[in-house]
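Q: Full structure from sequences and hints, please.
Chains as they are written, first to last, in my numbering: chain A, 223 to 726; chain B, 1261 to 1670; chain C, 35 to 409.
Worth double-checking, as some hints may not be accurate.
[To be verified] Cross-link-like lysine to aspartate or glutamate pairs, in silico, DMTMM-like; alpha carbons within 20 Å at most:
1) B/Lys1667 x B/Asp1553
2) B/Lys1386 x C/Glu146
3) B/Lys1606 x B/Asp1533
4) B/Lys1638 x C/Asp198
5) B/Lys1555 x B/Asp1615
6) C/Lys192 x B/Asp1433
7) B/Lys1353 x C/Glu146
8) B/Lys1555 x C/Asp198
9) A/Lys314 x A/Asp355
10) C/Lys244 x A/Glu690
11) B/Lys1632 x C/Asp198
12) C/Lys243 x A/Asp691
13) C/Lys241 x A/Asp691
14) B/Lys1557 x B/Glu1644
15) B/Lys1552 x B/Asp1615
16) B/Lys1385 x C/Glu146
17) B/Lys1640 x B/Glu1561
18) B/Lys1632 x B/Glu1651
19) B/Lys1327 x A/Glu552
20) B/Lys1632 x C/Asp208
21) C/Lys36 x A/Asp674
22) C/Lys249 x C/Asp238
23) C/Lys98 x C/Glu242
[Said to hold, decoys possible] Quick list of the computed label-pair ranges, beta carbon to beta carbon:
24) A/Asp421 x C/Phe86: 43 to 49 Å
25) B/Asn1568 x A/Arg516: 55 to 61 Å
26) A/Pro565 x B/Ser1529: 57 to 63 Å
27) A/Tyr453 x C/Lys94: 43 to 49 Å
28) B/Lys1551 x A/Leu614: 54 to 60 Å
In case anyone wonders, no lab produced these hints; they're calculated from the structure. Model, not experiment: these values are computed from the prediction. The beta carbon of each residue, even a glycine, is placed where N, CA and C say it ideally should be.
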Amino acid sequence: MYSLWNLVSINFRRLVKLQLMKVDAVKTLNEIKTKLHESSDLKTRTMQFFGTQVSICYFAPITDNLLLNNSLLSPMLAYPFDSESDVLTTLKEKVLANQEVTEFTDLQSAVDKLLAGNTLVLVDGADEILGCDLEKITVRSVEEPPTSVVIKGPREGFNESIKYNLALIRRRVKSDDFVVKMMEIGKLTKTQIAIVYFDSLADKSIVKDITKRLEKIKIDGIIDSHYLVSYLQRNTHSLFKQIGDVEKPDILVGKMLEGRIGIIVDGSPIVLTLPFTLLEELQNSDDYYSQPIRVTFVRVLRFVGVILAVLLPGLYIALEKYHYKILPTEFLITIMNTTQGIPFSPFVEILFVILLFEILYEANLRMPQYFGMAMSIVGALILGETAVNAGLVSPPAVMIVALSGIAFYIIPGQAAQFSILRLCAVIIGACLGLYGVLLFCVFVVSYLSSFDSYKSAYLAPTAPYIPEDQKDTFMRKTIKEMKLRPKSIANNRKHSVRRGENED
Amino acid sequence: MKKLKTLFSPRKLVVWLSIIVLIFTLPTVNEPAMSQTDAIVTMLCVDKVDDKIKVATTVLTPSQDKKANYQVFSGEGETLGSAVDSVSLAIGKEMGFAQCGIMALGDSLCDEGVMQVLDYMTRTKKVGRNAILINFTGEIIEFAQAVSNLSLEKSLNLDEIINFDKRYILSQDTNIETFYIGYYNNVSLGIMPKIKMESEEDYNSIEVANTDSGSNSDMTTTGGGGEDKKFIVNDGTISVFKDGKRYIDITPDMVKKINLFINDAQKGSIVIDNVSDHIYDDAKIVLNILKKDTKIKPKFENGVPVYNAEVSLTVFIDEIIEDNINKKLLTREQDFLTSAVVGKIKEKVQQDMLDATSFCVSKDVDLLSVYKYFYNLKNKQFEEYLSTLDEKNYLDGINFNIDIKVKSEN
Amino acid sequence: MKINCRQLSIIVFMSFISLKFLALPSLLYVYSGNMSYLVALFMMIIDGLYVFLILDLMKKCGQKNLYEFMRECLGAFLSKIILIVLIIKYALVAANISKGLEFFVVENLYTEFNWVVFVLPLIILVGFMVYKGIRNIARVSEMICWAIVIGAIYIGLKAIAGVDVLSYLPMFHDGVLPLFESAYVHLSWFGSATFLLMLFGKVDFSKEKKNQMVKYLIFAILLVQFLYFVFYGLFEVTSATHNYCISDISQFTSGQSSINELSWLVVSLWIVAQAVQLALYCYCIVQGLNMLFNLKGNTLSILIVLTYLFLWSLIGENTIGLEKVFFTHFASIITLVTQYIVPFLLLIGYSVKNRRKKYKQGEKLDEKIKNTVQS
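A: Structure, rendered in structure tokens:
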């Protein structure tokens, strides 16, 4: 596959300089064949139409055979002979009337389209090459993405086709305000990228900035949307995620309605969104389809979950190792009784359990599903239990790491980052105790406060505190009460009201 | 210079300093928990025997089951510091006093003064100032062992017992902090509950095995039901300290009487005799105090300080001890708190309170906070009054006025 | 990078409360007894008034920094001297906070402790926050402020049952003189508005809400008064022996073991508050050094400040004498000058400059009128 692209790229350079004057169907066809190194999957056909030689070439794997027959070959063969008419015009306007037809005057563009799935029609003596879109789209069906499961709410998820994904969005947005800006990135892959946003809501300067950044990308290929992340984020080496990702059209439209901009990449079911704030991770699409009081409770739970996930093992080590005097006596008795006879220091013990859990997680993730289920039970129950019974680790250590590990997945989008932070907290807790853990927390908060994602503060609307945006922070008010678009995200301030002024 | 600048760029500086911190602190990473390297003391007993300070501690030790396990260690020395060090040497661990909830002080130490011990333990050894203070009578190791066994065998904690007492008997906190506050006040008064060691069985006594009292730096073990069985007796007696030294002991009966002046003491009971009227016939009635509100109003009448105490009691008839209980008692419509009962209550409470005042005056112990009320509320007049006293007890010249109101439960 | 008015209010609020709940209540008690809370009330009201005076000057100065503003009003020489005094003031406060934090951590959390090593993470944090600027300090303050307030209220409410109101009487037993003496000796613990001088040109007043700062200041005063009320009512005559107000209250109310339940969490939060305050004052020193020596980048001045902090951790092992010299007498004079004299000097300088300007404008106008009349 890659060798084919290499061949194509070498020949492109030669083709660039070639300008078409008058098409010699056979010669041009041979030229294309040569340029594409006689690639086996390139199919050609030559036939007579109105007495003129017409050549057709296409890549068999990416061309819909049925469509080719029904839309091009059969109509051509069945079309009544007419010596008066111009061959090219007849083909364009009558034979291929119900297909998307593009005219090329330069061979390079024609070959580009051929590689993208178009079928080229070369008419002898014409000054244009016709390209018609007869591409065969092979994609997954629209399914519910595994990371954005909802109890109530839309279950459609994006798939790997940019066309399908755009269709899913268009189906929800029937507005002339919705803009799709297409571009191609990747010298070899020529991946289609779409920047989508609402013209009246998105901040124009951000759209400009994103477009500029994307245009500047010089890369062989874009395989997935995450390839773009490092080009788009400001703090390249930061541990924290600075660009949002969504897998569902309802979430994307919701975000765009707040003034965000989406970037869709062909071949990836993940759509990137910008600007991104940390708070987005606390929010879930389910939140907007459930009762506000319940949502408020769940969001606070998520926040507490994150704190527990990151800090609990570090705090436990700090308390056990340095600050037994601030523990209530009963709790201290429990810890003393359970940690008695453990051969490791508290740090090694926790580190051992963390490693155990991380290995289990990684193994479980990549195992076949039927085997994975059995392994998780074996890992969690038997390994943990036997480690405790063998006196290698204490029950509180297992419980604390397990609790912390589960709490990560309250916010699955940040689980990877948080596991690194947890490890840092454990090391600092073991080295410096509670004082160190506290300073570490301030450092993290300070670090997160220090960077902005496309004019939006990362910790907004908490720091800086934006009172108007508190309706959808930890507490969520009803949709009716959320009259204004969030101020914490850089959007077009002129259209900050979500609804018409006459509505109450 | 440019290299130096890049070497000390802010981002790199953070990395450099983090590395330095890790270099210094990483060796400590593998150290065991301090809860394992320190001996966690839950109770400290101090006494003076033959001019030497003797110390006994109950130390928390891990056990296989989920319960707490305590062991008693003791030591002695010329000073408190050396005595504590000798215990530390015997255990082979640093003594951690952060969890020390009780400080028990022996009689002879209390007679000589406890402030030095308290100062050393709180300032140097960091015993929390909320640790409960106890004055104990008896042999120090026996006491420590008895308290330890109380937890181990009966699952009862002495601090819980004292805290319960606070609601029913003492009506005041008896921790180091309140002792300090009392000591540094103008009257320099402090109180501690008194726990006795008796050989006889008592109503709230706890069985404990006699132990061999060890010599220097020894560990005492439970004898396991020998012939000389001893008990901890908590009968509600209180030791009163003046200027940090034990001054007098107050009987539980007198404590109850004094409590009538103290607003915090809400619980209690009153027993009245010979009640006779249309319902009762020479009955003995036990009344439960449900609510008590004491208002102290100090004032000066013609230059004489008057201590006015208004006591409002809400009572409930608990027990009626009568030979032939009147049938009327069966009818619930009757008001059992008859005027005869109320009169008797007033008479009894008045008498109890007067007993308390005369006890305080005669013993020169201001347990009724007379000084505090007059000094704080009638400062100028009281200072004038004090200046006229010379060496005389200021309580002598104070008039006590008592006014009692009684309400029924409803 | 500018901060908004709300962030400014929060920084002022934090600066008003953070130094007040550690050693100050016990220190005040030595001089002014059971009336110490009045000293705090009096000084905080004065500080509050100075906040508004400095804010007024800030608005007048526009986009200029303090040095540019001072140079215009008072001349270059006097401005440099004031800058030096200000830097000394900030350095003393930073040292005071660092020492306070050290003792607070030792007393409450550790049995064995090497501050020389433990100060390094603090230095890293402070250095990072100062490097990132005032907006970062403001945002962190915003994040932790609510937790600190809730914690302080929780501690106070938990202990309020043990308060003996009688201990506040008699009032003014020894007259009012001890109150003023106490206020003067501990002046360096007050003067919470001085740091505002370094924020000239760094505040965006465009979205200023009416009475926002007043509300924050009143809340700060009420919170301090509430905890002082609890502290003095709880410990009465032994108040002077309780060096750490917030942790001692929580310890006293927490039952058997030293610090119990959630109290240690509140105590820990106070460490965070101190760290942020330290960063704020270090930021002020850095700004001062930059203005004084006309430095372009922050790196050198940050290095100087961090070295200074580290040196304090080395020499501060035995601070019994040092504390008296640096944090009371000498610091009081410095605070008196920086907080209470400098703003007035600036105001006078500004008014004189304005009058001259108006006078000159008037002269020019007169000349113009003359010319037009003549022509």
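Q: Each hint: holds or not?
A: Results for each hint:
| no. | hint | in the structure |
| --- | --- | --- |
| 1 | B/Lys1667 x B/Asp1553 | holds, 11 Å |
| 2 | B/Lys1386 x C/Glu146 | holds, 13 Å |
| 3 | B/Lys1606 x B/Asp1533 | holds, 13 Å |
| 4 | B/Lys1638 x C/Asp198 | holds, 17 Å |
| 5 | B/Lys1555 x B/Asp1615 | holds, 18 Å |
| 6 | C/Lys192 x B/Asp1433 | holds, 16 Å |
| 7 | B/Lys1353 x C/Glu146 | holds, 14 Å |
| 8 | B/Lys1555 x C/Asp198 | holds, 14 Å |
| 9 | A/Lys314 x A/Asp355 | holds, 13 Å |
| 10 | C/Lys244 x A/Glu690 | holds, 17 Å |
| 11 | B/Lys1632 x C/Asp198 | holds, 11 Å |
| 12 | C/Lys243 x A/Asp691 | holds, 17 Å |
| 13 | C/Lys241 x A/Asp691 | holds, 16 Å |
| 14 | B/Lys1557 x B/Glu1644 | holds, 18 Å |
| 15 | B/Lys1552 x B/Asp1615 | holds, 19 Å |
| 16 | B/Lys1385 x C/Glu146 | holds, 13 Å |
| 17 | B/Lys1640 x B/Glu1561 | holds, 14 Å |
| 18 | B/Lys1632 x B/Glu1651 | holds, 19 Å |
| 19 | B/Lys1327 x A/Glu552 | holds, 9 Å |
| 20 | B/Lys1632 x C/Asp208 | holds, 17 Å |
| 21 | C/Lys36 x A/Asp674 | holds, 14 Å |
| 22 | C/Lys249 x C/Asp238 | holds, 19 Å |
| 23 | C/Lys98 x C/Glu242 | holds, 19 Å |
| 24 | A/Asp421 x C/Phe86: 43 to 49 Å | holds, 46 Å |
| 25 | B/Asn1568 x A/Arg516: 55 to 61 Å | holds, 58 Å |
| 26 | A/Pro565 x B/Ser1529: 57 to 63 Å | holds, 58 Å |
| 27 | A/Tyr453 x C/Lys94: 43 to 49 Å | holds, 46 Å |
| 28 | B/Lys1551 x A/Leu614: 54 to 60 Å | holds, 58 Å |
Every hint, counting from the list given before, is met by this structure.
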